[in-house]
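According to the numbering used here, numbering within the sequence shown proceeds without interruption in unit steps and concludes at 509.
Hint data in this document are derived by calculation from the structure and do not stem from the laboratory.
Check each hint, because a few of them may be wrong.
[What the hints assert, rightly or not] Result set (PhoX-like, lysine-lysine): computed pairs, CA atoms no more than 25 angstroms apart in a straight line:
1) Lys-480 x Lys-497
2) Lys-478 x Lys-505
3) Lys-379 x Lys-361
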Amino acid sequence: MKVLPSGVYQYRFIVDGQWKYAPDLPWTQDDAGAAYNILDLQDYVPEDLESISGFEPPQSPETSYNNLFLGSEDYAKEPPMVPPHLQLTLLNLPSLHMEIPPPLSRPQHVVLNHLYMQKGKSSPSVVALGSTNRFLAKYVTVVLFKSLQR
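Using the sequences plus the hints, can you model the full thing?
The structure is reproduced here in structure tokens:
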């Protein structure tokens with residue numbers, strides 16, 4: 360048995376060499392669409408404090424870190440057309456053909472209050488406009504579909 364400090368943990372199982380999650384337990388998706396189960400541990404005060412052994416994390420070896428300087432080839436690379444965190448908007452998520460679709464994950468703060476446009480891949484005559492806004496702890500995403508033909 361391992362004593363874990365209080366917090367929220369994400370976990371998955373390896374079944375036949377593939378990552379799986381238990382759909383009957385609480386679960387969520389990360390930004391890339393991978394499903395994880397959630398374990399939320401609250402502070403617990405046992406009756407007999409002497410019966411629980413303490414947990415000390417092992418020290419990280421100092422040789423595992425380095426401060427290497429970047430080479431000229433690192434500076435010669437062209438930047439991406441779109442920053443990678445902007446590719447994870449609702450318009451770019453792969454569609455999951457499931458009977459019960461999973462809940463959408465909380466959007467990243469960098470995609471809030473931006474207008475995104477995507478031309479349809481299956482029907483190029485349609486364009487989708489999307490925007491995500493936040494009000495307190497709630498997120499609202501509006502997606503408008505518009506025909507390119509007049």
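The hints, checked one at a time:
Proposed proximity of Lys-480 and Lys-497 is contradicted: the alpha carbons are some 30 angstroms apart, above 25 angstroms. For the proposed pair Lys-478 and Lys-505, the alpha carbon gap of about 10 angstroms is at most 25 angstroms, so the pair holds. The suggested pairing of Lys-379 with Lys-361 holds, with an alpha-carbon distance near 22 angstroms, which does not exceed 25 angstroms.
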